[in-house]
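Visitor: So you can see what is in the structure, the chains are spelled out below.
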Amino acid sequence: MGQNQIRNFCIIAHIDHGKSTLADRLLEQTGTILKRAMQKQVLDQMELERERGITIKAKAVRMPWLAPDGKVYQLNLIDTPGHVDFTYEVSRSLTAVEGALLVVDASQGIQAQTLANAYAALEHNLYLIPVINKIDLTNARTEEVSREIESVFGFNREEIICISAKEGKGTDKILNAIIRHIPPPAGSKNSPLKALIFDSKYDSYKGVIAFIRVIDGVIKNGENLRLMSNDIIFESLEIGIFSPEMDALTSLQAGEVGYVATGLKNVTDCHVGDTITTVINPAFQPLSGYREAKPMVFAGLYPIESNEYPALRDALDKLKLSDASISYEPESSTALGFGFRCKFLGLLHMDIVQERLEREYGLRLLVTAPNVAYKVIKRDGSTILVDNPAKLPPPQEISEMQEPWLSATIITPDRYIGPVMELLSQYRGRFERLDYLSGNGETEASFSWKQVSVKFTLSMGMLLANFYDQLKSATQGYASLDYTPSGYQTGHLVKLDILVNGQQVDALSRIVPSGIASSEGRILVDKLRALIPRQLFDVAIQAAVGGKVIARETVKALRKNVLAKCYGGDVSRKRKLLEKQAEGKKRLKRIGQVEIPQEAFMAVLKKNNA
Amino acid sequence: MNPVALSLYLHFPFCLSKCSYCNFNSYAGMERLIPDYLGAMEKEILLWKMFAREYSSQSSFHEEFQVETVYFGGGTPSLLQPEQIAYVIERCRAFPFAVAPEITLEANPGTVQEKFFARIRRAGVNRLSLGAQSFNDGCLKLLGRIHSANEAREAFLCARKAGFDNINMDLIYALPGQTMPCWQNTLEEALRLHPEHLSLYSLTLEEGTPLAGWVKAGLLPLPDGDLAADMYLLAEEILDREGYSHYEISNWAVPGKECRHNLAYWKNTSYLGVGAGAHSFLFGHRFAGVSSPQEYVEKLSALERLPPSFLEVGGEKSHLDFVEGADVEREMSDTVIMGLRLQEGIDLASFAGRFQRELLPAYRQEIEELVELGLLDADEKGIRLSGRGKLLGNEVFMRFLPPNSTGSALS
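These protein sequence lines map, in sequence, to chains W and P. Using the numbering used here, the letters of the first sequence correspond one by one to residues 1 to 610. Using the numbering used here, the letters of the second sequence correspond one by one to residues 611 to 1021.
Everything labelled a hint here was simulated from the structure, so no lab data went into it. Here the structure is a predicted model, which is why all the values come from computation and not from measurement.
Taking lysine to any residue and the SDA-like style, the derived pairs with C-alpha atoms no more than 25 Å apart in a straight line are:
id : chain 1 : residue 1 : chain 2 : residue 2
1  : W       : Lys173    : W       : Met1
2  : W       : Lys565    : P       : Leu843
3  : W       : Lys565    : P       : Glu954
4  : P       : Lys659    : P       : Gly894
5  : P       : Lys867    : P       : Glu852
6  : W       : Lys576    : P       : Asp937
7  : P       : Lys826    : W       : Ala530
8  : W       : Lys565    : P       : Asn633
9  : W       : Lys576    : P       : Arg994
10 : W       : Lys556    : W       : Gly592
11 : W       : Lys576    : P       : Asn878
12 : P       : Lys867    : P       : Leu767
13 : W       : Lys585    : P       : Glu978
14 : W       : Lys585    : P       : Asp836
15 : P       : Lys826    : W       : Leu531
16 : W       : Lys556    : P       : Ile977
17 : W       : Lys585    : P       : Leu813
18 : W       : Lys580    : P       : Tyr811
19 : W       : Lys556    : P       : Thr789
20 : W       : Lys565    : P       : Glu976
21 : P       : Lys771    : P       : Gln691
22 : W       : Lys585    : P       : Leu815
23 : W       : Lys450    : W       : Gly418
24 : W       : Lys585    : P       : Thr814
25 : W       : Lys580    : P       : Tyr973
26 : W       : Lys580    : W       : Gly592
27 : W       : Lys576    : P       : Ser928
28 : W       : Lys580    : P       : Arg974
29 : W       : Lys548    : W       : Ser519
30 : W       : Lys585    : P       : Leu832
31 : P       : Lys877    : P       : Gln953
Whole structure, please, built from the sequences with the hints as guidance.
Guide: Below, the structure is given as structure tokens:
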């Protein structure tokens, strides 16, 4: 088959706009999967992905298609993650294709990730095919959404394909549009091999399996290959395509998408974005755009049962085999015992890792309040990166602190502009501009449903303080959010410490803007007062910044704990009750003389309390 | 050989109705079982008498028992006919009685009449424990008591008239919603009757009881621990002023009228419990009979003998369902924990005499810490709870638990 009968494309959409359902229909329609063998959402293989309706890992599938022109085309669909945490993965997937289906939900219209992903696609010079999905819904606003798409992206009405992926309506038009409009891959099979890695997974028999798009040249079975970023050399144990199961072939050539089994034992050796070439006749230059995934969110992970620490370590080691983007190192805390400091791409990534550890490895975990990495410029002129509040140098050594900022977009129906603005000021965001998606808001009075995009900047630390949940509740779930890092900015930041009877509780320290330190401190202290059981003496709970107490509460000493009577000489019952009390005490963590149940820490650290 | 003091506890698990706070081993609507039950108790007393003789002759204990106290507990032993009570006391004489034994009967004010008191007094009962619980009718209703405050008052006066000169009254405080004035009033009403003895119990919400269920369902407020502490302190103050001695955490008495039977528990001396679910401490063993009255009657009718070895091996046909073998560590611990409930606390010399071991070195660290916390007073004579320690007894007791104690349930 000639290179000009290949079409590589991806589907970009906001979460839940029907990307996976559309992929399923395409698989069916091309006969790649028989309808009756179809498991809903074939490409979302992880249980978690199906449940949450999100794609975490990129996937690829090859579909043969007999077009009306009588020729058989090779369609390669690369399913991309849809979440902002995985922006880099998305950008690598976009590099591997020539076109994209831009799917928008007919009831929700353009959402923040629609915009972000569409702009990313345009930056990669992809041909976009606009698709409005879910036109069968009773609350579909196909007309308004169509206007939005025309206005925001400059499409003509005729270019927009309206479908219901669920009912299989209109999807045939998509296949034809792909063949007609998306260009065949460029690249030459006679040039030295350049294959782009856009994802990888670990297989216990074949080692790391790299998902690749061959840009130039040919990749062959049994050939010696080299990773251009780290010069690691391996033999290709197997070459093949996903259809959607792995089908071995002897080779893949320029323009094709598939996989290579590397035999490598470590996914971290096989970076997304890296270029594979041959050892014998190598390319000179790797493909551009490669960078290492950069962690943005940091948190401590602790087993709730301290004896599960080794199990947690083993689970993390195993998880790392399939998720190269997490990293971790042991850490210990007086309050929480032994655990790990983990680095995540973002909040969703953190959630996913926690959920996988709990679900796939049966662990019960405590996750500390997440934080960002701060740049600390010390008085001696050196700069350090601090990703753990406990490791912040003492204030007298700090000359300046910088925190990461984000440039962000919220898309929301215009009736929520007020609440969104209020939220922004509450979170110290800096408003930049507001636009109506369907042109100027005033002249479109005939539409009752209008969406706006609000552009602003926000410190990442504030984002972690529950911003997204607050946004959702302020807009009854209608608003969507997308953001990209926009560099570090100087901030008035302080470390807020919590002290129990004068002893600092390491796990509860956090770095906050100085302006909110005392209100945060008050909240934490109040919460702890309610959670710390009364002791045999008064317990002072204090919030302090740089040694100065800014909030204080007292847990009054326990006054009464005594069994009233001895029932008919039943001494052993009495003893058992005492043993139960004593046993309960043994499980308490000691901060100095004060005994605190782990649940108290958990309640304070719970995310919606952060 | 000097005889060893023995206390007899006789359990009557029958009630007209179950109180809302009660999770004792007691049952309403089973009165038809009483005659068989009394027969079973009579048999059990005799079996234990024979067992004690055989066990003493074969073991290191060599004990000759003498009954110092008898206690009719329940349930509602005042449901029995005076003749039945007289009969049971006679059966207890299988063990020799001391010269002036204390014989107590728990009486529910809702079940008794004047002639009942006169007749049980003639039968040998010389102490009454009246379950008044409160002198507020609202509280009595909440507790599910079958009597009013007035009936409690009348029952008390009847007992006096019948010649009882040693009467205890049980009162419960820290009920959900109870106020300080309400509690003070109950105390004052009780004191107007001049009982010789008062047991004041802070309400414990026992799982599975209706009262606990109502609190759990939010129908009633959770009793407030601090208010309970204040109620306790108020009682301490008033009763002290009235000349009562606060001789145990929950018990006050006119000097000389302390409950000898309960002192046996607190001093951890021998007692034999007879009846369904009754607990015993004998020859260093703790054990208890099956709880169900029906099962108790059945097991006893099939039981011919308690072989000397049976406390050690249990046995299929035994009427016991719980035995803890003798264990010096545990006995020491129990002795300290129970003894600390008493005002006099633990006397170092008698502890050493009993266990051939000094108390202080055995628990040095615990005692030092508790003295430091202000929960325990210690001097050359002994250790005892401080004023604050009485309200925080569990915090003290749990530090004296044996390293690892296990009771075994017999299958």
